[in-house]
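Trainee: Let the hints inform the model, and build the full structure from the sequences given.
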Amino acid sequence: MKIGFFGMSHLGLNYLAASATRGFEVVGYDKSETLIRDLNLGYKIFNEPNLFEKIKVNKKKILFTNKITNFRDCSIIFISSDVPTNTKGESDLSFIKKNIKDIERKFSNKNLIIMSQVYPGFTEGLKWKKNKLFY
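The numbers in the sequence shown follow our numbering, run straight up by one, and end at 1492.
A couple of the hints might just be wrong.
The following label-pair restraints were derived from C-beta to C-beta distances [said to hold, decoys possible]:
hint: 1; residue 1: Asn-1407; residue 2: Glu-1447; range: 32 to 40 Å
hint: 2; residue 1: Asn-1404; residue 2: Lys-1463; range: 33 to 41 Å
hint: 3; residue 1: Arg-1379; residue 2: Lys-1401; range: 15 to 23 Å
Read the hints as simulated data drawn from the structure, not as lab findings.
All C-beta atoms, glycine included, are put in the ideal place defined by N, C-alpha and C.
Mentor: Quick look at the structure:
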């Protein structure tokens, strides 16, 4: 089984590395070409013990990309993007909603797991098949 992660946040990278360590092939997607380049070059973009060592050891199971079409063979796609928050602690979920729409256009038949911080009831407003949508 191949697993996709949309958003190479701290959370997304940790789950990606853990999944690869467990033997899964993984796709790490982010819109930022610079971030994807840095990950492919092996740069440590976060200070997290053992994270980048696990990525290096499992490199053959990992694809970092900014091409959403690489989710084609994934059975599960995780939304692992950070949620922008302002100085008052208010979240801007428009970014997450846009990410989900980007995936929905091409991959609405996939299982979708939202790991990003969203409010209770958020998934009820999505047009994803409810038996393939998890939070």
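Trainee: Now, for every hint given, state plainly whether the structure supports it.
Mentor: Hint check results:
The supplied range of 32 to 40 Å is met by Asn-1407 and Glu-1447, whose beta-carbon atoms lie about 34 Å from each other. One distance hint, 33 to 41 Å for the beta-carbon pair Asn-1404 and Lys-1463, holds here, with the actual separation near 34 Å. Distance hint check: the CB atoms of Arg-1379 and Lys-1401 are about 22 Å apart, consistent with the given range 15 to 23 Å.
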